[in-house]
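These protein sequence lines are chains A and B, in that order.
Counting in the working numbering, the first sequence runs from 30 upward without gaps.
Counting in the working numbering, the second sequence runs from 30 upward without gaps.
Worth flagging that the hints you see were computed from the coordinates, not collected in a lab.
A virtual CB, placed ideally from N, CA and C, is assigned to each residue, including glycine.
Treat each hint with caution, since some may be false.
These stretches of chain B come out as covered by chain A in the derived footprint (C-beta under 8 Å, 3 or more residues) [said to hold, decoys possible]:
#1 61-73
#2 76-83
#3 87-97
#4 290-304
#5 336-343
#6 386-392
Which stretches of chain A does chain B cover? Using the computed rule of at least three CB atoms under 8 Å from a CB of chain B, they are [what the hints assert, rightly or not]:
#7 297-309
#8 338-351
#9 367-376
Computed cross-link-like contacts, EDC-like style, restricted to lysine to aspartate or glutamate with a CA-CA straight-line distance of at most 20 Å [unchecked claim]:
#10 B:62 x A:175
#11 A:62 x B:175
#12 B:301 x A:203
#13 B:199 x A:203
#14 B:353 x A:59
#15 A:202 x B:460
#16 B:62 x A:180
#17 A:76 x A:96
#18 A:36 x A:58
#19 A:250 x A:145
2 protein chains.
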Amino acid sequence: MEKSLVKVGLLGFGTVGTGVYRIIQAHQEDLWKQTGLHIEIHRIFVKDIHKTRDISTPTNMLTTNIDDILHSDEIDVIVEVMGGIEQTKSYILTALEQKKHVITANKDLMALHGGEILSTARANNCDVFYEASVAGGIPILRALVEGLSSDRINKMMGIVNGTTNYMLSKMSKEGMDYQEVLAEAQALGYAESDPTADVEGFDAARKMAILSTLGFRVAMKLEEVDVKGISSVTKEDIAYGKSLGYELKLLGIAERSDSKIEVSVQPTMIHKSHPLASVHDVFNAVYIYGDAVGETMFYGPGAGELPTATSVVSDLVTVVKNMKLGTNGLGVVAPYVEKQLKSDEEKYSKYFLRMIVADQRGVLAKVTQLFADHNISFKQIVQQPYNGGKQAEIILVTHTSAKADMDQVIEKMESIDMIYQLKSCYRLEGEGR
Amino acid sequence: MEKSLVKVGLLGFGTVGTGVYRIIQAHQEDLWKQTGLHIEIHRIFVKDIHKTRDISTPTNMLTTNIDDILHSDEIDVIVEVMGGIEQTKSYILTALEQKKHVITANKDLMALHGGEILSTARANNCDVFYEASVAGGIPILRALVEGLSSDRINKMMGIVNGTTNYMLSKMSKEGMDYQEVLAEAQALGYAESDPTADVEGFDAARKMAILSTLGFRVAMKLEEVDVKGISSVTKEDIAYGKSLGYELKLLGIAERSDSKIEVSVQPTMIHKSHPLASVHDVFNAVYIYGDAVGETMFYGPGAGELPTATSVVSDLVTVVKNMKLGTNGLGVVAPYVEKQLKSDEEKYSKYFLRMIVADQRGVLAKVTQLFADHNISFKQIVQQPYNGGKQAEIILVTHTSAKADMDQVIEKMESIDMIYQLKSCYRLEGEGR
Chain A
30 MEKSLVKVGL LGFGTVGTGV YRIIQAHQED LWKQTGLHIE IHRIFVKDIH
80 KTRDISTPTN MLTTNIDDIL HSDEIDVIVE VMGGIEQTKS YILTALEQKK
130 HVITANKDLM ALHGGEILST ARANNCDVFY EASVAGGIPI LRALVEGLSS
180 DRINKMMGIV NGTTNYMLSK MSKEGMDYQE VLAEAQALGY AESDPTADVE
230 GFDAARKMAI LSTLGFRVAM KLEEVDVKGI SSVTKEDIAY GKSLGYELKL
280 LGIAERSDSK IEVSVQPTMI HKSHPLASVH DVFNAVYIYG DAVGETMFYG
330 PGAGELPTAT SVVSDLVTVV KNMKLGTNGL GVVAPYVEKQ LKSDEEKYSK
380 YFLRMIVADQ RGVLAKVTQL FADHNISFKQ IVQQPYNGGK QAEIILVTHT
430 SAKADMDQVI EKMESIDMIY QLKSCYRLEG EGR
Chain B
30 MEKSLVKVGL LGFGTVGTGV YRIIQAHQED LWKQTGLHIE IHRIFVKDIH
80 KTRDISTPTN MLTTNIDDIL HSDEIDVIVE VMGGIEQTKS YILTALEQKK
130 HVITANKDLM ALHGGEILST ARANNCDVFY EASVAGGIPI LRALVEGLSS
180 DRINKMMGIV NGTTNYMLSK MSKEGMDYQE VLAEAQALGY AESDPTADVE
230 GFDAARKMAI LSTLGFRVAM KLEEVDVKGI SSVTKEDIAY GKSLGYELKL
280 LGIAERSDSK IEVSVQPTMI HKSHPLASVH DVFNAVYIYG DAVGETMFYG
330 PGAGELPTAT SVVSDLVTVV KNMKLGTNGL GVVAPYVEKQ LKSDEEKYSK
380 YFLRMIVADQ RGVLAKVTQL FADHNISFKQ IVQQPYNGGK QAEIILVTHT
430 SAKADMDQVI EKMESIDMIY QLKSCYRLEG EGR
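So that you can see chain A by itself, here it is in the shape it has in the complex (with noise of 0.2 Å):
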């Protein structure tokens, strides 16, 4: 006999799990109008039952034993919104073994296991979405499961954290401090009063480890991914950029040639023309460059309650179609493709340096024979007086040079007597398009 209900275990019921049950119990013939079948929630996963919650439920709906969900024969799908990584794992594990499907929005959990989740996901047919992990409210993850597969993605780049970009958009436009905005950001609670994790890349890195294990079909390793953050960046760094026509972002880069991959998070200046240059205050976007569609980018919140439920209920729509459509776990993008890193000798980019020289005749052509050496040219070279013109100041923009060559360059800085000070050295992506 054919199901008419599917029922689901939602384990944690914080803002996303109480938006989730609501919008579920508000959009039930919407739901039957895109699935045929009937939703509903039958049994959430809490810490205590006791807790006031401005939410009522049924009685004996909440429980605080895990297996009267994962061991439930009439359960069919897991909604995990409870966070946590290791005790999570195996509740999400168990789950699949018991051949139940799983919806996360846990970008922790994804990025560090995403690889083993999804395949035990595919060894017992079932599905894994986890759309909201990355940048919660645009449908990115969707978009790179769902293109024919012989849309070979070349490279994606990303806006992918709200708070740093936030904090860049601020710095931007209102000249203000890296410390200064960072204190208004926790004020208004776009930063933690911790901020590490925003700021020095490490949640941009998350998500572009999962962006990259989908995008390219690898098993990509949070550890893998460089970062850099923007701790140390400056204002005058981001009046330089922009008058040379840059906005300096924290972008996630993620770009294959060949078989090879690189992953990195870093502040990078992005040319004003490009669309991520015009992405600001808490937005995220991610651009992506594929062989068949050519340039797409995917805009919208990052982060908030409605959009991540929103999200969470889109991905419980794909379980609910494939369970009727026999198709459950083959959307399942297991990593399959072999994964090689670049060294550093095979990975290129472009860069903008500023540094505090000698206000001496001679020192431009001393400065530029270094990168010559290094077979690194410039598009650009702007001198001029620093500090009363008892120095001077000089921005690079170089060509396409490799990373191994760039940091042989700063490493014999240090013995030219002629170069005080490297101020910054970027990443520059966007231009000539």
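Put chain B on the given structure of chain A with help from the hints.
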């Protein structure tokens, strides 16, 4: 007995039709993974069976008899990529009455007869999808349909014509004249020898009629879209706009407040901080303001054989999934909201004006008094010498004003001696984000 094979009838075998045929041939396994069914092109309707084609098809696949497809018991889905309006409409209506689902890439048809086609589909429990008709490579219609019905859309702004966006981008970047850039676009094949449909905004208007019918659930008629093209845009306007922080774009704008609707296409000054200002060249983008998910933007190629064919195949996948789900027709949004159009008194926006006036004492007072008399106030006023100081040039950026008031001001300018010429008046968007 459940079907395992879905047979498709293709109407038209030009570049898009050939692309669809090739994608379906090449991605059998992928399509099966997504739908759980096999999909094959069963017959293809062409005008001339003997025409030389650079693709070979099995014997008897091509037919010049439309009834071989419309009245075939074997065919479940029609894919229409032949173009045309009246004849094509009658084919599609017949197909729907024969309980065949329909996919079309035909924007002219959907803009003119979308309401009737969607209603016929609903009445016959059939699907009609037409993703490729708007912004070929961007899944914008899917986003509008799949969003939960609770997410009320309040405003959509789109760059939905690649030809004019290419032309305006060139004029902006390289300071070219309209005539010069049109000739270049024609030489490159971006503009047709008769460019009227593109440059006068008619193509964009068709897409906005389709978008607003779907987004607002009303039967928006093409003739109800206010249309102004770019043929009178000058490089001076673009340069002045730029100096104040705006890019000039041909924007389609659909908005509603309360239950009243306004849909238009016109060259618009959009602030450079808005993501649409960075959509250059032949790219398309649609920016959506919804209650639940907030602001999202979809960006990508607006046309091209491969993106368009890919869109058509994505629609086909949805139809085939729905066949197995038993949800055909349920996702078709036939217009059901009663439509009320805004009067000119109810249309509010900001404006950018440029005019040549006498270089006399009191001219600015006179000009601003005229606007003040009609409740229009200013955000920005720039006055500078013109024609070697013989006249003055005034640029005005207004606060939000009613269109009726602005029309009256423009009419009254005629009778003011000091105002020699109103050079331009553009709608203005996206500021203060």
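- [ ] Hints the structure violates: just list their numbers, smallest first.
- [x] Numbers 2, 3, 6, 9, 13, in rising order.
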